Amino acid sequence: MPLSPLHEWNLAPRDAIALQRRLSGRVEREDRLGEVCHIAGVDIGFEDGGDITRAAVVVLAWPPGEDGRFEVVEQVVQREPTRMPYIPGLLSFREVPAALAAFDLLSVRPELVMVDGQGIAHPRRLGVASHLGLWLDLPTIGVAKSRLCGRHGEPGPARGDWTPLVDGPDDEVIGAVLRSRVGVKPLFVSTGHRVALSTALAWVVACLGRTKLPEPTRLADRLASRRGGVR
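Read in order, the letters of the sequence shown correspond to residues 2 to 232 in our numbering.
Calculated from the structure, these hints are not laboratory results. It should be emphasised that the depicted structure is a prediction, and the values quoted were computed from it without experimental measurement. One or more of the hints may lead you astray.
Only pairs whose alpha carbons sit at most 30 angstroms apart, straight line, appear in this in silico DSS-like list of lysine-lysine [what the hints assert, rightly or not]:
(1) K186 <-> K146
(2) K213 <-> K146
(3) K213 <-> K186
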């Protein structure tokens with residue numbers, strides 16, 4: 002997957018924050034996606050005390066089979082030195098470079114990407130899913146396990162129940178707090194790029210299996226946890 006450079010990565014924190022503010026204006030919050038035949042799940046983590054960034058990408062065929070199981074079409078794990086120290090709000094500068102390198106290894110270009118992380122549910126509206134979506138020019142959805150910013154009520158108890166995640170003095174809706182499984186803590190779903198929030202929610206619910214996480218990010222997390230991984 003050839004990629005067009007969006008910006009340099011070796012930025013001072015102040016410059017990275019300014020860049021986030023500029024790039025957030027380029028994030029598309031409405032639907033611009035065509036037919037979906039492949040969905041990618043992305044999980045990004047760290048090894049060796051944070052010195053190594055690990056990005057796992059799993060590409061699944063859509064729709065799933067009659068038994069509800071997804072066919073894994075391709076999967077890769079990319080490890081490379083971490084470029085930026087941990088700075089709250091700037092995680093995408095640590096995580097996205099390895100994810101881009103992983104996507105560059107794929108032979109199949111997905112039409113939709115689910116990322117274990119925030120989309121616009123970020124103080125400057127540019128979490129890892131939005132940042133990655135801009136680089137790839139692909140529709141992306143942020144599916145996070147915890148809240149980074151904003152406030153919300155408690156979603157209902159049933160699977161699929163959700164409540165808005167809002168932020169700022171005008172209660173801007175930046176995401177949704179989704180009950181993905183009865184009796185478990187909710188997920189935080191947000192637009193990444195080129196996907197409206199309602200569409201993002203519909204896709205996440207459609208990809209839920211028997212666990213809390215949608216299958217694309219669950220399988221990416223499982224791949225990342227394998228000893229040695231896959232390349």
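Hint by hint, here is what the structure shows:
| no. | hint | result |
| --- | --- | --- |
| 1 | K186 <-> K146 | holds, 8 angstroms |
| 2 | K213 <-> K146 | holds, 10 angstroms |
| 3 | K213 <-> K186 | holds, 8 angstroms |
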